[in-house]
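Asks: Residues per chain, in single letters:
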Amino acid sequence: MLIHLKIAIRNVLRNKRRTLITLSAIVFGVVSLMLFGGYMDYSFKGLRESFIRGRSGHLQVYKEGYWENKNKDPLKFTIDRDDYSAIKKVIEQEEHIDFAMRRLEFSGLISNGENSFIFIGRGIEPAQENMLGIGTFVQITEGKTLSDGDQDGVILGKGLAEQLEVPIGKYLTIMTTTIDGALNAIDVKLTGVFNTGVKDYDDRALMVPLAASQNLLYTDDVQGIVVVLDKTENTELVARNLTKRFKDSNLHLEIKTWSELADYYHKVVDIFNGIYGFLKIVIAIIVISSIANTMMMSVFERTREIGTIRALGTKRGGVLNLFILEALTLGVTGGILGLFFGTIACKAVSAMGLTMPPPPGYSQGYPLGVNIVFDVMVFAFILSVVTSLISGLFPAHKASKLEIVDALRHI
Amino acid sequence: MEKVILKGVTKDYHLGNTVVEALKGVSIEIGEGEFVSIAGPSGSGKTTLLNLIGCIDKPTSGDIFISGQNVVGLREKQLDEIRARKIGFIFQDFNLIPVLSAFENVEYPLLLTKIESPKRKERVKSALEEVGLLNFARHRPNELSGGQRQRVAIARALVTNPEIVLADEPTGNLDSQTGETIINLMLQINQQKGTTFIFSTHDSMVMKHARKVIKIHDGKISQ
Chain A
1 MLIHLKIAIR NVLRNKRRTL ITLSAIVFGV VSLMLFGGYM DYSFKGLRES FIRGRSGHLQ
61 VYKEGYWENK NKDPLKFTID RDDYSAIKKV IEQEEHIDFA MRRLEFSGLI SNGENSFIFI
121 GRGIEPAQEN MLGIGTFVQI TEGKTLSDGD QDGVILGKGL AEQLEVPIGK YLTIMTTTID
181 GALNAIDVKL TGVFNTGVKD YDDRALMVPL AASQNLLYTD DVQGIVVVLD KTENTELVAR
241 NLTKRFKDSN LHLEIKTWSE LADYYHKVVD IFNGIYGFLK IVIAIIVISS IANTMMMSVF
301 ERTREIGTIR ALGTKRGGVL NLFILEALTL GVTGGILGLF FGTIACKAVS AMGLTMPPPP
361 GYSQGYPLGV NIVFDVMVFA FILSVVTSLI SGLFPAHKAS KLEIVDALRH I
Chain B
1001 MEKVILKGVT KDYHLGNTVV EALKGVSIEI GEGEFVSIAG PSGSGKTTLL NLIGCIDKPT
1061 SGDIFISGQN VVGLREKQLD EIRARKIGFI FQDFNLIPVL SAFENVEYPL LLTKIESPKR
1121 KERVKSALEE VGLLNFARHR PNELSGGQRQ RVAIARALVT NPEIVLADEP TGNLDSQTGE
1181 TIINLMLQIN QQKGTTFIFS THDSMVMKHA RKVIKIHDGK ISQ
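Protein chains in written order, with our numbering: chain A, 1 to 411; chain B, 1001 to 1223.
So that you can see chain A by itself, here it is in the shape it has in the complex:
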């Protein structure tokens, strides 16, 4: 009945201090969820883009069988020029693809004339790699990155460059085995030093122009085509479409999405989600206790009033509704206020410009930001309402079970 809603709302307004304290608990809960959920979203997106832009691209296309055998025989299942033309044709038909580029991976020794060090190398198409992330997500800390005209330039990872200790412009020798197993070496000129932020990688990595690497390995092939999309959100869609198109064109290729390659990312997501789940439970308990306590007090204080309205003819169900409505009023009001303050809090934290320490394995920190996530807001609001309902149930039930004469005799 509408009158019960009126009574419920007015009773919530009646004891302002108690209501404020109860609402504070709910607001605190909602704001905490929004801050943590928003921080998680920001961190995940940052980590994800950093991985995509600094390493994998959105999708990688290989010859069928490459992935299974890549540790035993990385140069066996390769994509040749004909394959590449066919792939390019398919990719041109697909929406959401910004561009695609080739990569040739190899490893060997690099020498400055005095000392040699092991490296993991990559032959790249410089103009496209720059569009993906070199220069932005992958910082150039000395010199400059490769350009399309470069024949014999090399850029070294930060750790590797430190070990080799040569100035920009100096020549280095890189040595590896060709596709047929023979030893080969070329001289390359140090063009610049890069920093991906991942220490283990930067300690060993180097990049040369694709042509130079193909020269070195005596092949025209590559292992993988990296595909870059307009938006990360389109990854699964494009992966499905390309798989179908490759099948229809009778190309024996396999596709890996960035997600399938990002083991570290998923581990981070899982840990955070575990903590977030724990946080949700803690907050639910706090909010339930707070509202239940307030409701029990409310029922106790209004025992005689309950007896009166029952004497007037209100059914037990009516009394139950009255107190459930009061609990819901608290939950809904607290939820709305929480969303309001939560939005302000998220914006405020992002505006503070704080820096987080580097995550494990990374060499630099990142700016602290908190996103405003719609899903988190919806969840937090629903949690407020549901917990308020749960808290109200027991007190409302007790109220409805009161015997009229006993209730009327109450102080």
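Some clues are possibly wrong.
Derived lysine-lysine pairs resembling BS3-like cross-links, with alpha carbons at most 30 angstroms apart [as the list claims (entries may be wrong)]: (1) B:1125 x A:6; (2) B:1121 x A:6; (3) B:1086 x A:398; (4) A:315 x B:1077; (5) A:315 x B:1007; (6) B:1114 x A:398; (7) B:1119 x A:6; (8) A:315 x B:1121; (9) B:1193 x A:315; (10) B:1114 x A:315; (11) A:401 x B:1077; (12) B:1086 x A:6; (13) A:315 x B:1086; (14) A:401 x B:1114; (15) B:1114 x A:6; (16) B:1058 x A:315; (17) A:6 x B:1077; (18) B:1058 x A:398; (19) B:1125 x A:315; (20) B:1077 x A:398; (21) B:1086 x A:401; (22) B:1024 x A:401; (23) B:1058 x A:401; (24) A:315 x B:1119.
Read the hints as simulated data drawn from the structure, not as lab findings.
Got chain A sorted already, so can you dock chain B onto it with the hints?
Replies: Leaving out everything else, chain B in the frame of chain A:
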């Protein structure tokens, strides 16, 4: 037709291991339109008697007929209905809902029955007018004097046009002058509308105004 008939009604209370016999076999008849006071000292059982007639409590044994219907053995929801439609209550402590205005307090019992809004508003207005408090319709109980609160309570009790109005010590919390005014008001309504009034009291002034007095002592009717 007799409005209220009690036949051999007993009521026992269990306090821990002891049994208190509040009513020990009461039989009374109250006719329609009567203005009856149930008089007796504290603990005599008058409140218990009123509670049983008002269907907010159940007897241990015996029968109670309200307008010819035996209310003993009825289900709870049926008793809720009877109270909503046929009975009006006036309490010693007024028992108005603090967060509602005088108007809303008087309106409340009408919301338990299915009367539409414009008719409801009319009934509330005329009830308040009858007790002389139409100008105070928007006031909350804490903005009214004791006498005014009791008058609102009377309006609330009458707004559903009940067959019986039960009042438990209606003048108990009022000074003698205000108390007399209240009783006269109730008498007036009784004469104009023919509503049966039953109230319990140990106030001799009140007993004076009653046209019939039922004396109760130690759970039994005394003559």
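Asks: Each of the hints needs a verdict: does it hold here or not?
Replies: Hints versus structure:
no.	hint	verdict
1	B:1125 x A:6	holds (20 angstroms)
2	B:1121 x A:6	holds (17 angstroms)
3	B:1086 x A:398	holds (27 angstroms)
4	A:315 x B:1077	holds (7 angstroms)
5	A:315 x B:1007	holds (28 angstroms)
6	B:1114 x A:398	holds (27 angstroms)
7	B:1119 x A:6	holds (20 angstroms)
8	A:315 x B:1121	holds (23 angstroms)
9	B:1193 x A:315	holds (28 angstroms)
10	B:1114 x A:315	holds (14 angstroms)
11	A:401 x B:1077	holds (13 angstroms)
12	B:1086 x A:6	holds (26 angstroms)
13	A:315 x B:1086	holds (15 angstroms)
14	A:401 x B:1114	holds (25 angstroms)
15	B:1114 x A:6	holds (18 angstroms)
16	B:1058 x A:315	holds (16 angstroms)
17	A:6 x B:1077	holds (24 angstroms)
18	B:1058 x A:398	holds (21 angstroms)
19	B:1125 x A:315	holds (26 angstroms)
20	B:1077 x A:398	holds (18 angstroms)
21	B:1086 x A:401	holds (23 angstroms)
22	B:1024 x A:401	holds (28 angstroms)
23	B:1058 x A:401	holds (16 angstroms)
24	A:315 x B:1119	holds (23 angstroms)
Violated hints are absent here; each numbered hint is respected by the structure.
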